[in-house]
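**Q** Here is how the chains run, residue by residue.
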Amino acid sequence: MTKKVINKSDISKLLIDANNEYNVYVPMEHIGGDVLFSALSKEKNSLEEDVKRINLASEKTFNSPKEIFYPQLETMMEYNDKGEIKETVESSKKLVFGVRPCDFHAIAHQDNFFSKNYEDKYYLSRRENSLIVIIGCNTPPRPEACFCTSVGTGPFLTEGFDIQLVDLDDYYLVEIGNEKGADFIKKHEKYFSDPYRDEIKHAERKKLEAEEKINLKVNFNKALQIMKTEEIPQDNLERIAERCIECGACVYVCPTCTCFDVFDDVKCGEGVRCRIWDTCVFSGYTREASGHNPGAKKEFRAARRYEHKLKYDTLETGISGCIGCGRCLHSCPVDIGMSNFIKEITTNQKYH
Amino acid sequence: MKNDYIPYPAVIESIITESFDTKTFRVKFTDKKIADNFSYVQGQFMQISLMGTGEAPISISSSPSRKGFLEFSIRSVGKLTKKIHELKVREKMFIRGPYGKGHFPFEEIKGKNLIFVAGGIGLPPLRSLINLIMDNRKDFENVKILYGCKTADEFCFKDELKAWNKIPNTEVLLTVDKKTDDWTGRVGVVTELWKDADIKSDNAVAFLCGPPIMIKFVVQKLEGSGFSDKNIIMTLERHMKCGIGKCGHCNVGDKFICVDGPVFTCAEVKKFPKKDGAM
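Quick mapping for you: the protein sequence lines, in order, are chains R and W. Residue numbers for the first sequence follow the numbering used here, beginning at 1 and rising by one. Residue numbers for the second sequence follow the numbering used here, beginning at 353 and rising by one.
Isolated chain R (complex conformation) (with noise of 0.2 Å):
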């Protein structure tokens, strides 16, 4: 694999340079200090104000990159009162920089899952013409719930990567993963110089530092063999049920929950029709015009994004739905999550 190294005080220079070619999406630091993946501006002045807020250092990225590929809320197609349609498609050159290891592996999974039987213009025109540049997470963004190395998607990648960054403190080693990583390297030349063979060796030791950094640990092997051929016990689901509030944090910042709803909106004879992210947790969810809701039952609601994610996407796929990055646990307001789920039903103990 080819690698260059880059010095971090270029990273802007090399972001700006960029913002001319793509759309250029990267963590940056918002009001009240919550870091989440914007797009710079194409403004001058505005340019330079974002450049100053980008935050790769931080390792509080809230949301995942998902809502870049598949935005919370979309208009699918306008409309007018004559009867006209007109489809609403984005199809921009992006790149996307300072994507984390297991986030990358939930691209993945949504690429499979919207190309699959009916393809999904919005979702893969959106992605189409996308460069992505990883950056393997030295420490874990969230130390009390990130249980990527249980799952076998961090905290570095090894192969499928366009661009992966191994954060050496000044500078960056760059490891080019394909042609598509190399010609964008090539074309930004200036900012990239061939690394020395100690660079090399402290990236790797960086990486194995990194891996003993995680913390928690879970057998996913052991929950997914456990899903693929038990039911979920009762007293677990209900246990589950009974603390959530049924807030929806869990799916909105999942990097690989896709559901959403339709709805039409109407102003002055123009209309749109959107989609906006919706999810199995939510009563409504199943509720048919009749008033029949076959999902009306909170503890099934529960076992229905367990079962979706670790047994039916790995029954149909080989790969989970879950990516271990946490969020679930991490933004749950009564410490609902992912691995703590796990390690309920492969250890008998109680985490809920």
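The reader is advised that the hints may include incorrect statements.
[Claimed, not checked] Chain W side only, calculated, beta carbon under 8 Å to chain R, not exhaustive:
(1) Y357
(2) G404
(3) T405
(4) V429
(5) T433
(6) V441
(7) K444
(8) W546
(9) I596
(10) G597
(11) G600
In case anyone wonders, no lab produced these hints; they're calculated from the structure. By construction, the Cβ of each residue, glycine as well, lies at the ideal position given by its N, Cα and C atoms.
With chain R's structure known, arrange chain W on it following the hints.
**A** Chain W in isolation, oriented as in the chain R frame:
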């Protein structure tokens, strides 16, 4: 890349008022090219839209043997279906589809006795297959249609029910939950019709559509009459938003009702997780 979410305009050619809350709309694509390239299979459904109101899955109630139009028999229940009921002939709705890999068998059931059991608005999806069979009647043995509604004014396809009943070796049996003055027939749930109909499982296949509670008791009855799970075929309904396996709402176990169904054998439905309330 095709955008499967975009619906196409279809003009209403005729409207039949079936009952106090159900109308059958006969529609045709306004674009000739789309109409010419369109085909569907018995048991499939379409997504029907009114732009500005919303979209819902509706089964096709016409038979693919009768070409050049599509029929949807729609009960006025929610926001969208109420608006659809306000439409008049020559007005447009927007449709996309057809959807559902799981549809009713046809070639496979030739030479067999057929039993249809429907409750309320459950008859329209079965009608697609019933009329296909009526158009190829000599290829099939006895046909029995058992149909139950809450009251007599709820029956759909009243003229067709009479017409089907006149066809040799074809029997239509009706029942109502609640007797009204004008009703002289049977009173009781649809399984009560077992008393009138001689239901045998020999060389027979049963087709069902109705509310979950009806499905549950009819399956018990059919099993009591000796039917095996694979010869009981049903079409299911779920809240749906996309029809193409993406929005997630109709997910049951590892299946999506929209893509893998909506028609399943009882053997398949029995494998669904019990908690998802399929039966």
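**Q** All the hints need checking, so say for each whether the structure fits it.
**A** Status of each hint after checking the structure:
Checking W/Y357 against chain R: minimum C-beta separation of about 5 Å stays under 8 Å; hint holds. At about 4 Å, the closest approach between the beta carbon of W/G404 and any beta carbon in chain R falls short of 8 Å, and the interface hint on this residue holds. Residue-level restraint check for W/T405 holds (minimum Cβ-Cβ distance to chain R is 6 Å; threshold 8 Å). The closest approach between the C-beta of W/V429 and any C-beta of chain R is roughly 4 Å, which is under the 8 Å cut-off, so the hint is satisfied.
Proximity of W/T433 to chain R holds as hinted, the smallest CB-CB distance being about 7 Å (cut-off 8 Å). At a threshold of 8 Å, the smallest CB-CB gap from W/V441 to chain R is about 16 Å, leaving the interface hint violated. With its C-beta approaching chain R no nearer than about 6 Å, W/K444 sits inside the 8 Å limit, and its interface hint holds. With 8 Å as the threshold, the beta carbon of W/W546 stays out of range of chain R, its nearest partner Cβ sitting at about 25 Å, so the hint is violated.
Satisfaction of the interface hint for W/I596 is found here, the shortest Cβ-Cβ separation to chain R being roughly 4 Å, below the 8 Å cut-off. About 5 Å separates the beta-carbon of W/G597 from the nearest beta-carbon of chain R, less than 8 Å, and the hint is met. Look at W/G600: its Cβ gets to within about 3 Å of chain R, closer than 8 Å, so that hint holds up.
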